[in-house]
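Trainee: Protein sequences, first through last, are from chains A and B. Mapping to our numbering: the first sequence position 23 is 23, numbers consecutive. Mapping to our numbering: the second sequence position 144 is 144, numbers consecutive.
Hints listed in this document are in silico derivations from the structure and should not be mistaken for laboratory results. Source: prediction; values computed, not measured. Glycine residues also receive a C-beta, built at the ideal position from the N, C-alpha and C atoms. A couple of the hints might just be wrong.
Claimed, not checked - With a straight-line cut-off of 30 Å between C-alpha atoms, the simulated BS3-like cross-links for lysine-lysine are: (1) K83(B) to K60(B); (2) K220(A) to K3(B); (3) K79(B) to K214(A).
As the list claims (entries may be wrong) - If you want the ones that stay clear, here's a sample from chain B, every Cβ over 12 Å from chain A, calculated: (4) G18; (5) V21; (6) K32; (7) D76; (8) E82; (9) M108; (10) K131; (11) S157; (12) T205; (13) I272; (14) P276; (15) D281; (16) D293; (17) Y294; (18) E322.
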Amino acid sequence: MTRYILQRIGYMIITMFLIATFTFFLMKLLPGTPLSAADKLSEEQQAVVLEKYGLNDPVPVQYFNYMVNLTQGDLGISFQFDNREVTTIIMERIGPSMTLGVQAMVIGTILGMLLGLVSAIYHNGILDYGSTFIAVVGKSIPSFVFAGILQYFIGVKLGWFPVALWGTWAHTVLPTIALAIFPIAIAARFMRTEMLEVMGSDYITTARAKGVNKFGVVFKHGLRNALIPLITVLGPLAIGLMTGTLVIENIFAVPGIGEQFVKAINTNDFPIIMGTTLLIAFLFIFIILVIDLMYGVIDPRIRLAEGE
Amino acid sequence: MEKLLEVNNLHVSFDTYGGEVQAVRGVTFDLKRGETLAIVGESGSGKSVTTKALMQLIPKPPGRIKEGEILFEGRDIAKMNEKQMQKIRGKEMSMIFQDPMTSLNPTMKVGNQIMEGLIKHQKMNKSQARKRVVELLELVGIPDPENRIKQYPHQFSGGMRQRVVVAIALACNPKLLIADEPTTALDVTIQAQILELMKDIQKKTDSATIFITHDLGVVANVADRVAVMYAGKIVEVGTVDDIFYNPKHPYTWGLLGSMPSLDSEDEELYAIPGSPPDLLDPPKGDAFAARNDYAMKIDLEEEPPMFKVSDTHYAATWLLHENAPDMDPPEMVKKRMKGMANMSSSSSEGDRV
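Kindly generate the complete structure, drawing on both the sequences and the hints.
Mentor: Put into structure tokens, the structure is as follows:
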């Protein structure tokens, strides 16, 4: 097991290296320069600035320098944000995004699974139709629509939670709900389908023939067997939510990473683009490792042969 | 012997989009304590549905017990609710399923799967249950039970898994054991082993057994009595000897004729022409009439009642009516019957005293 994890970490490092390389060269293909007001600067001034940031070096040299710095944990300094260090900027920004993402994922997964379970248990009953309706609505209506509705009714009319901005935990409530609706819908749909399939399988009949009650059949025998496809879809979804969603962060004026990422791309702020990409890539690879390990915990057939 | 189970005029239907499928259409039989009844018939004849109804394991909806009673020690199971059934299932009656590859929970340790019933019905604690599980695994012939209980089903072979399924069924010493084609999914050598095991267990536990199969060889081997089902009804019932040496229903003739035997020289097997009727719209009269070489006019019009052949032997065919012409089974079936006589006399000597 330890050997397997070490091996996976080795692959992770190789993957990160490849992603860094690809992103670096792709970024260099972007048109324009990082100078925000290039037309107001004379040629000499531009040359001085470019020289200062090492942007006049040949691309392979820039790449080499970047990679050397990267191995030392140095992501460089931002061109746009007052020459501050990229690591600091990302650290500041990742907090709100992560908070929203994690809260939305936890709520979304739990509520979605419950809805899906209810659907499956009361298959073709009123509860099933109700929860399927919620799932369809949640999946087909974009989150910014919900965001607007929440802001207007709960934020403005009822005044229960702040409409926007960032500060206290109360500020996170509305954006979390808006973000959670999609994972609720996805989890509910997958849970329902998987659970229905599992409930129709032979070992569920075996369990019922033993005299196990409905609760035991669903939770002890059914749930675990229905989880694998669910975590497969929820993992990548979680990364998407945790690393910042541009629309929601904009609507609620959350100082998150998504908003900043787009700004950086628009202004050719190479170090920020690189830094954010690497962060998202890292989270992705890491979550995939976690999911792979969870498969083994959930299903013994996937468990790795130990000591063999 | 006292009657353990009495099934009277049982009807089971499934409500589908196409209409009501009448899977079981008036089945009546009884079972004494310790007795083994084999139910034979082709796929779709209602054998599995009948036995699943006995434990109320039919998915509801779409299935439902439409009519009839199932008296188990005098209590009518057909009228029990889910809560009451949960106390009976696994404790007083239990079931062995067809395919051991799918009938065990893949994510639960084998020991825990066997233990579940013990903890629920016998109110055992974990360590008592564990001890009993080890005994059970020894009983069903699984070597090294102490270690095996910690393993998952995928670490067992097909035959070993079926032994586990048998152990689960036997855990609480049920009065009635239903085996739904327990050997169909296994290869022939393993089949023989599981059959031996089941016979052995019958001797040790004296549970009454209902044995569903379409393999007549198995029937001759394990059963005391045989019920032949066709299109949701029992068409002939009798002791093994009645059914094998003196079959009266043309469908039973067909079944016997289509069974290969080792000592017959000719390789041709009898095939029953046609296919079973659509139970969405069961035919009027005898459901077998359309495939029956011996059908008479009345078969198409009126359903035959159960005619008594002897105290133990009944068959639902108009051929037994006093006005019907005397009919002999076809030559081929007679030959098979002779073969059967040799077979079962050699195999039963040691077993049935």
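Trainee: Could you run down the list of hints and mark each one as holding or not?
Mentor: Going through the hints against the structure:
no.	hint	result
1	K83(B) to K60(B)	15 Å, holds
2	K220(A) to K3(B)	37 Å, violated
3	K79(B) to K214(A)	19 Å, holds
4	G18	17 Å, holds
5	V21	18 Å, holds
6	K32	23 Å, holds
7	D76	19 Å, holds
8	E82	7 Å, violated
9	M108	7 Å, violated
10	K131	19 Å, holds
11	S157	15 Å, holds
12	T205	17 Å, holds
13	I272	29 Å, holds
14	P276	24 Å, holds
15	D281	25 Å, holds
16	D293	38 Å, holds
17	Y294	39 Å, holds
18	E322	45 Å, holds
Hint check: violations occur at hints 2, 8, 9; the rest are consistent with the structure.
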